[in-house]
Amino acid sequence: MDVASAKLIGAGLAAIGTGVAAVGVGFVFGQFLNSALRNPAAADGQQGRLFLGFALAELLGLMAFTVALLILFVF
Amino acid sequence: MAGKIDPMHQFTVEPLVPLNIGGYDVSLTNSGAWMLAALAVITLFMWGGLKRQVVPGRWQMAVEGLTGFIDDLVKVNIGPEGKKFTPYIFSLFTFILVANLLGLLPLAIVPGWHPFTPTSHFSITGLLAIMSFSLVLIVGFWRHGLHFFSLFVPHGTPWYMLPLIIPIEIVSFLVRPFSLALRLFVAMMSGHILMEVFGSFIVNGFGSGSPVGFGVGLISFIFIVGVGALELLVCALQAYVFALLTSLYLNDAVNLH
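Line order of the protein sequences matches chains A and B. Residue numbers for the first sequence, in the numbering used here: 1 to 75. Residue numbers for the second sequence, in the numbering used here: 1 to 257.
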């Protein structure tokens, strides 16, 4: 296998991470909704934590995206 | 105009007004111009709302809604001592929000023009993150002196866990500016790449003249409408997340653990 095609395959593999981060973000919001419907009165106070969890989960997907870009454009 | 899709071209920084001072290139670039545009929009928006009427009109309500939103964010996350950080968080939030939104303007319908998002560059978001991080360090050492290092030792940690916990806390502390900058920059850049790629699919699909190309163009068109709405959400969300995380980090510095 030559380097160019290996690069494309590697970038594609790195992009899997963004999909996994989508699972994480969905989990964060799903769990929030789940518990917010059980106790709507307490839901508004937890929005900061909701977005904190969202940001942390999303960051890892963005990292995977960055790695894919690095493989494609830097090497 | 079927051609090669070049999604990275939109991020090129071009000098608009070339200027050289003492061998340094200090030209006004399109990045700088769009930051000035963001400044102008924010100034106009705030100036229109600062009428101090007892019964506020629509515009003043909008401005008060924005300031009240940031005020609440700071109050909830830092507490009463966080009031003096409100201007900083507010500037950060409004600048990121307006710069993000200006980058989405459909200016490319004017030939030769294209919008530029300053926040899609690591140099800009990195600077914003370094500003936040240095503020955390300055406030932390100013208020607590060397006691600030107790941030790395969470309350109630058993002593035998300390050799493990302290390095983890230090690394997670040091990686903060990096993650703060990376999140904003990659979120904006990936959104713009996505829109560019699917926009090119529409142009190339409709331009190819074949039924399959037409189908691809149509599907891309429907898709990009949804992506456009999602991008508006991401713009606001990333600005909010940046402000939220900055205030959380400031909370660490002000109140320790």
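Hint data in this document are derived by calculation from the structure and do not stem from the laboratory. Ideal Cβ positions, reconstructed from N, Cα and C, are used throughout, including at glycine. Be aware that one or more of the hints could be misleading.
Stated by the list, open to error - Distance windows between CB atoms, simulated:
| no. | chain 1 | residue 1 | chain 2 | residue 2 | range |
| --- | --- | --- | --- | --- | --- |
| 1 | A | L13 | B | P80 | 48 to 58 Å |
| 2 | B | L50 | A | I9 | 54 to 64 Å |
| 3 | A | F27 | B | L233 | 17 to 27 Å |
Stated by the list, open to error - Reference excerpt, derived from the structure (chain A facing chain B, CB under 7 Å, subset only):
| no. | residue |
| --- | --- |
| 4 | F32 |
| 5 | L59 |
| 6 | L62 |
| 7 | A64 |
| 8 | F75 |
Tested hints:
1. A/L13 - B/P80: 48 to 58 Å: holds (50 Å)
2. B/L50 - A/I9: 54 to 64 Å: holds (57 Å)
3. A/F27 - B/L233: 17 to 27 Å: holds (19 Å)
4. F32: violated (14 Å)
5. L59: holds (5 Å)
6. L62: Hint holds; A/L62 Cβ to chain B Cβ min 4 Å, cut 7 Å.
7. A64: violated (10 Å)
8. F75: violated (15 Å)
When held up to the earlier numbered hints, the structure conflicts with 4, 7, 8 and fits the remainder.
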